[in-house]
Structures are given as C-alpha cells and as structure tokens.
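**Student:** Starting from the known structure of chain Z, arrange chain X on it as the hints suggest.
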Amino acid sequence: QKEVEQNSGPLSVPEGAIASLNCTYSDRGSQSFFWYRQYSGKSPELIMSIYSNGDKEDGRFTAQLNKASQYVSLLIRDSQPSDSATYLCAVRGGGYQKVTFGIGTKLQVIP
Amino acid sequence: SQTIHQWPATLVQPVGSPLSLECTVEGTSNPNLYWYRQAAGRGLQLLFYSVGIGQISSEVPQNLSASRPQDRQFILSSKKLLLSDSGFYLCALDGQSTEAFFGQGTRLTVV
Numbered sequence: 001q002k003e004v005e006q007n008s009g010p011l012s013v014p015e016g017a018i019a020s021l022n023c024t025y026s027d028r029g030s031q032s033f034f035w036y037r038q039y040s041g042k043s044p045e046l047i048m049s050i051y052s053n054g055d056k057e058d059g060r061f062t063a064q065l066n067k068a069s070q071y072v073s074l075l076i077r078d079s080q081p082s083d084s085a086t087y088l089c090a091v092r093g094g095g096y097q098k099v100t101f102g103i104g105t106k107l108q109v110i111p
Numbered sequence: 001s002q003t004i005h006q007w008p009a010t011l012v013q014p015v016g017s018p019l020s021l022e023c024t025v026e027g028t029s030n031p032n033l034y035w036y037r038q039a040a041g042r043g044l045q046l047l048f049y050s051v052g053i054g055q056i057s058s059e060v061p062q063n064l065s066a067s068r069p070q071d072r073q074f075i076l077s078s079k080k081l082l083l084s085d086s087g088f089y090l091c092a093l094d095g096q097s098t099e100a101f102f103g104q105g106t107r108l109t110v111v
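Going down the list, the protein sequences come from chains Z and X. Residue 75 in this note's numbering sits at position 75 of the first sequence, with consecutive numbering throughout. Residue 91 in this note's numbering sits at position 91 of the second sequence, with consecutive numbering throughout.
Next comes chain Z alone, as it looks inside the complex (with noise of 0.2 Å):
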C-alpha cells in the first residue's frame, strides 16, 4: 500500500464548477497534511495546509480532513482555467516527521 494516494487523473471540469480533489494516506499517526499546486516545468507551490479534522477555508479554496477515515481532500470553487495544473497531497508523518507526496491529480479547467 503506498503511504499517500492519489487518482492520476486528468480531472476535467468546465470553467465555474467546484473541482473535488481526494487524497487517502497510510500512517494514521499522521498530523500534518498539505496540499500543493504544480504547474509543468515549475516546482511545486503550498497552496493549502490543514492539521485538524474539519473543513479550512481560503479563498476559492477549501481543504478537508478526516483522520478517522485517514483521508483528505481539496475543493475549488469556481475553477479557473488558470487553476489547471497538477495537485500534489502530502503527509508528515513517521518517525522522522518526513513529508511525503502522492502522485499528483491533474487537473484541467475546460474555458
């Protein structure tokens, strides 16, 4: 089982909708939970971070946590082409509190 999952994708959403990004995770020791924003060619960007169970709010954008169902998710309301990009979840965790990274959901925001 690997330690963060993700759906490759691509997701398509037309421009205006909420686009739902999922993310399960492994460690259930786990306390910090990230999601970040790639563009092609560029590093990646934190975009959103969440420790505690529940809904965050920023902006257009929404994370939610749920440590009993060891799952995580990112929701954008009203996508912009400009939001197509490739979303990363990661999870600190383990004996050293190292980050890990899922695969990356890529996202496309249909004008």
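Each hint should be verified, as a subset may be incorrect.
[Claimed, not checked] Computed spacing ranges between beta-carbons, pair by pair:
{"id": "1", "chain 1": "X", "residue 1": "Pro14", "chain 2": "Z", "residue 2": "Tyr39", "range": "27 to 35 Å"}
{"id": "2", "chain 1": "Z", "residue 1": "Ser82", "chain 2": "X", "residue 2": "Ser84", "range": "30 to 38 Å"}
{"id": "3", "chain 1": "Z", "residue 1": "Gly29", "chain 2": "X", "residue 2": "Pro18", "range": "34 to 42 Å"}
{"id": "4", "chain 1": "Z", "residue 1": "Tyr51", "chain 2": "X", "residue 2": "Gln62", "range": "48 to 56 Å"}
{"id": "5", "chain 1": "Z", "residue 1": "Glu45", "chain 2": "X", "residue 2": "Ile53", "range": "23 to 31 Å"}
{"id": "6", "chain 1": "X", "residue 1": "Pro14", "chain 2": "Z", "residue 2": "Glu15", "range": "41 to 49 Å"}
{"id": "7", "chain 1": "Z", "residue 1": "Arg60", "chain 2": "X", "residue 2": "Val12", "range": "34 to 42 Å"}
{"id": "8", "chain 1": "X", "residue 1": "Gln62", "chain 2": "Z", "residue 2": "Gln97", "range": "18 to 26 Å"}
{"id": "9", "chain 1": "Z", "residue 1": "Ser69", "chain 2": "X", "residue 2": "Glu26", "range": "38 to 46 Å"}
{"id": "10", "chain 1": "X", "residue 1": "Gln2", "chain 2": "Z", "residue 2": "Ser40", "range": "21 to 29 Å"}
{"id": "11", "chain 1": "Z", "residue 1": "Leu11", "chain 2": "X", "residue 2": "Pro8", "range": "29 to 37 Å"}
{"id": "12", "chain 1": "Z", "residue 1": "Glu45", "chain 2": "X", "residue 2": "Ala40", "range": "17 to 25 Å"}
{"id": "13", "chain 1": "X", "residue 1": "Gln2", "chain 2": "Z", "residue 2": "Ile110", "range": "21 to 29 Å"}
{"id": "14", "chain 1": "Z", "residue 1": "Gly9", "chain 2": "X", "residue 2": "Gly54", "range": "33 to 41 Å"}
In short, the hints are calculated from the structure, not lab data. A virtual CB, placed ideally from N, CA and C, is assigned to each residue, including glycine.
**Tutor:** Same frame as chain Z, but now just chain X:
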C-alpha cells in the same frame, strides 16, 4: 525567510558522466532536507532525505548518492549517469513544524 538555492537550472550530460547537484538553504537551521526526482509526466519520487549533518536515508536503491557535509548543504551525486536518470530534480526543506518548501529545480537530460 527560508530560501533554497539550487543550481544549475538545466543540465545536459552524456551517459556515463558524473553528476553533482548542490542545494543550499538559508533562513533556517537544522532543517530536514530532501531530494526528489520527477520523470516526465510522472509524480515526485523521494530519493534521499536527511535529518542532520552526515545523516542520509535512501528511499530508492540506484546509482545516485547524497551527502550533507554542512547543516545547510545537500549534494546529490552520481559516478556514472544512466539515460533513466533524466528528470526534474528538486531539493526541498522542512523545518520541525513547517511544510515542505521547494527549490526551483534542475532539469537534467542524459543523452
């Protein structure tokens, strides 16, 4: 603020040649440091991580090695490059309570 210096940005090397990629960080002390590789169209593959000077953990057995001679310096090396070593190499750091933060990356093409 934390800064990662990674160079060069692009590199073309022949098969069988050696490799040395350097990453230096500023604005933090005793960070965890990571080397990731991303093959074309693929996810992030963790190659090495380090929790301190001289402490290196290898995630994937291959012809690459890493060293951390100083707290803020992380070096990725190879004695003989393979075609399969081509990819986008990313150095990242995280402090004890922060998210992972990436350098700008080195795009390596082995020919």
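**Student:** Checked against the structure, which of the hints given earlier come out wrong?
**Tutor:** Hint check: 4, 13 fail, others pass.
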